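There are 2 protein chains.
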Amino acid sequence: MDSYPQQCVIALDAMGGDYAPLVTIRGAYLALQESNGKFDILLVGKQEELLKIIEKEKIDFPLQNIVNASETIEMGDAPTTALKSKENSLAVCAELIKQGKAHAFVSAGNTGAVMAISTIRLGRIEGISRPALGTIVPTLKNKCLVLDVGANVDTKPNNLYEFAVMGSVYMQEIFGVKSPKVGLLSIGEEDSKGNEVTIAANKLLRESKLNFYGNVEGRDVLKGEVDVIVCDGFVGNVVLKFAEGFLHFLVKRFKESAEKSFTNKLRIGLAKGILKDILKVFDYQEYGGVPLFGVNGITIIGHGSSSELAIKNMIIRAYETHQHRIVERIKDAIQSFHLSTT
Amino acid sequence: MDSYPQQCVIALDAMGGDYAPLVTIRGAYLALQESNGKFDILLVGKQEELLKIIEKEKIDFPLQNIVNASETIEMGDAPTTALKSKENSLAVCAELIKQGKAHAFVSAGNTGAVMAISTIRLGRIEGISRPALGTIVPTLKNKCLVLDVGANVDTKPNNLYEFAVMGSVYMQEIFGVKSPKVGLLSIGEEDSKGNEVTIAANKLLRESKLNFYGNVEGRDVLKGEVDVIVCDGFVGNVVLKFAEGFLHFLVKRFKESAEKSFTNKLRIGLAKGILKDILKVFDYQEYGGVPLFGVNGITIIGHGSSSELAIKNMIIRAYETHQHRIVERIKDAIQSFHLSTT
Chain V
20 MDSYPQQCVI ALDAMGGDYA PLVTIRGAYL ALQESNGKFD ILLVGKQEEL
70 LKIIEKEKID FPLQNIVNAS ETIEMGDAPT TALKSKENSL AVCAELIKQG
120 KAHAFVSAGN TGAVMAISTI RLGRIEGISR PALGTIVPTL KNKCLVLDVG
170 ANVDTKPNNL YEFAVMGSVY MQEIFGVKSP KVGLLSIGEE DSKGNEVTIA
220 ANKLLRESKL NFYGNVEGRD VLKGEVDVIV CDGFVGNVVL KFAEGFLHFL
270 VKRFKESAEK SFTNKLRIGL AKGILKDILK VFDYQEYGGV PLFGVNGITI
320 IGHGSSSELA IKNMIIRAYE THQHRIVERI KDAIQSFHLS TT
Chain X
20 MDSYPQQCVI ALDAMGGDYA PLVTIRGAYL ALQESNGKFD ILLVGKQEEL
70 LKIIEKEKID FPLQNIVNAS ETIEMGDAPT TALKSKENSL AVCAELIKQG
120 KAHAFVSAGN TGAVMAISTI RLGRIEGISR PALGTIVPTL KNKCLVLDVG
170 ANVDTKPNNL YEFAVMGSVY MQEIFGVKSP KVGLLSIGEE DSKGNEVTIA
220 ANKLLRESKL NFYGNVEGRD VLKGEVDVIV CDGFVGNVVL KFAEGFLHFL
270 VKRFKESAEK SFTNKLRIGL AKGILKDILK VFDYQEYGGV PLFGVNGITI
320 IGHGSSSELA IKNMIIRAYE THQHRIVERI KDAIQSFHLS TT
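Top line first, the protein sequences correspond to chains V and X. Numbers 20 to 361, taken from my numbering, label the letters of the first sequence in order. Numbers 20 to 361, taken from my numbering, label the letters of the second sequence in order.
Keep in mind that the hints were calculated from the coordinates and are not lab data. Among the hints, erroneous ones may be present.
Same chains, same label: a pair holds when it works inside one copy or across any pair of copies.
[Stated by the list, open to error] Below, a list of computed lysine-lysine pairs in the BS3-like style, where the Cα atoms sit at most 30 angstroms apart: (1) 279 / 160; (2) 212 / 271; (3) 105 / 212; (4) 242 / 279; (5) 175 / 260; (6) 291 / 228; (7) 65 / 200.
Predicted model, so just to flag it, every value in this text is computed and none were measured.
Sequences are here, hints too, so could you generate the full structure?
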């Protein structure tokens with residue numbers, strides 16, 4: 020993986036996502052418009068189905084870039100399902116990377132299945148015990164990467180340390196943050212506060228060469244004091260989904276309020292644009308997906324309900340991750356930051 | 020504790036809270052206005068300081084109800100500080116209960132210290148391994164009690180089960196919910212999803228006589244499908260504080276937007292009332308505090324920044340908890356729901 024061909028090739032799981040394959044094809048088309056020949060896209064999925072859509076929608080997509088995968092992993096399938104056959108779109112994408120025919124793999128499909136196939140087929144980076152899923156959150160200052168948000172539960176202190184290394188590399192390379200500040204999500208600012216795992220992780224992070232800020236609390240997540248927040252995937256997932264539910268709650272309440280009276284409707288109507296602008300930053304479509312950190316290759320995982328814009332952004336994200344050689348940077352960092360204590 | 024005198028007496032830690040003792044005295048006064056002789060309040064704190072304020076503010080508070088406590092536990096003190104002396108306001112409140120001179124203990128002070136003194140001095144209810152702190156959250160339907168939100172970390176499955184029993188009793192007795200639905204906070208709806216502890220807790224809850232709804236996810240917290248949500252205190256605390264930070268984020272963004280242009284200012288000004296109404300439900304002042312569930316007596320803990328309204332509501336809450344004999348109901352429930360498996 021250390022020498023790439025001139026052009027970056029991205030394998031897109033055309034069957035993954037709630038609105039696939041229509042939006043994945045459209046997203047791929049949009050991405051190609053912006054590629055300027057810098058990257059190419061392989062559309063992986065049921066060939067016949069894809070061709071039909073391309074024809075019907077009159078999408079100008081290079082037909083030779085369609086790679087057939089006769090099976091599809093559904094959203095409700097067990098994560099291991101993808102491992103059982105070589106004919107599903109996820110397995111085909113992973114195989115394209117293994118064979119050097121593609122450099123990155125993008126999917127808005129079954130997250131568990133994408134994680135499983137990536138971890139097993141691409142393998143883990145040496146020194147990383149568990150891959151992690153990150154998400155970019157908006158804050159009052161800059162963007163912040165929170166990881167893990169669901170790939171792992173019952174994490175150990177050294178997992179959290181590894182997440183911190185990977186997150187730091189990503190924020191530095193992709194967002195140009197010099198010496199990213201790392202926060203450890205806990206329930207008290209003092210080093211001694213938290214649960215068994217975070218207290219031990221705090222110690223590891225304090226002893227490391229990372230720019231460790233210290234513990235951050237739930238209320239600090241959107242403040243933007245740090246660039247990377249590490250946490251157990253259970254906690255990260257609950258918080259991420261709580262934020263989603265909170266937005267839903269607010270929108271519902273505004274709608275109910277508008278229905279109560281004409282004056283309310285008018286007032287809310289006038290403020291709607293502002294409200295939308297404020298909440299827009301929480302729209303994952305804008306950012307697309309994030310890499311599955313720690314696998315020995317590039318896997319970008321997106322939200323199931325990704326739109327064509329989200330798919331396009333995921334592809335751009337994959338290209339950037341490839342250009343910035345994030346996988347190599349993580350390999351270097353985990354070696355150079357290697358703790359004498361572990 | 021099984022036979023109460025006619026009138027309920029509430030010991031208020033007058034020194035606890037960011038704005039104490041001024042707002043605690045005012046809150047006590049407000050509560051007395053509503054008591055109609057149903058309860059009485061003992062104001063516990065530095066007598067001289069309290070008397071000065073009462074005089075200066077011309078508050079009509081019965082002076083014989085002031086109980087001197089020469090020391091004060093500060094917000095930053097270690098939880099165990101309160102246990103080291105008998106002269107601090109928290110220790111005096113607990114002692115009043117032990118001596119039968121008061122039936123409930125209310126404090127907006129150092130949460131850790133209030134928990135420590137309550138647990139040690141009042142003891143735990145038999146069958147409850149760890150006390151839990153709950154919070155009432157607004158939802159799209161009815162109110163929901165989330166516990167634990169910070170009293171415990173590294174909880175075991177049986178702790179979560181006990182929280183479910185206590186939460187069910189509370190919602191039934193105080194909010195009149197028949198057979199409260201209990202949700203287990205996890206990262207997937209299926210029983211098999213979660214971390215080691217939640218998967219085991221799910222099994223315990225399924226086997227119990229409780230009205231167990233199943234796992235709920237972060238996005239379900241504000242939906243209102245369940246009446247009680249149980250979780251580890253680390254997770255509960257992170258989510259609770261995240262919600263606080265989210266509100267702060269929204270308010271800050273609206274202010275920034277209003278400052279950008281006169282039109283924006285006007286539009287936001289018009290919608291302000293509606294926005295306030297929607298966000299008001301998240302104001303803990305409205306509800307006051309919740310009991311520290313599981314201690315053998317009534318302890319109501321409030322937010323450090325409690326206003327006089329919050330203090331008043333905490334006192335009312337203490338009275339209701341006493342009237343509904345919540346401690347006895349929990350004792351009964353934990354016996355009758357006792358699992359053969361534990």
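Against the structure, the hints:
1. 279 / 160: The answer is between: 17 angstroms across copies meets 30 angstroms, while 36 angstroms in one copy does not.
2. 212 / 271: Answer is between: at 28 angstroms across copies they meet the 30 angstroms cutoff, but 37 angstroms inside does not.
3. 105 / 212: between (47 angstroms within a copy, 26 angstroms between copies)
4. 242 / 279: between (34 angstroms within a copy, 21 angstroms between copies)
5. 175 / 260: Answer is both: 23 angstroms inside a copy and 24 angstroms across each meet the 30 angstroms cutoff.
6. 291 / 228: neither (46 angstroms within a copy, 47 angstroms between copies)
7. 65 / 200: neither (44 angstroms within a copy, 44 angstroms between copies)
Hints 6 and 7, counting from the list given before, are not met by this structure.
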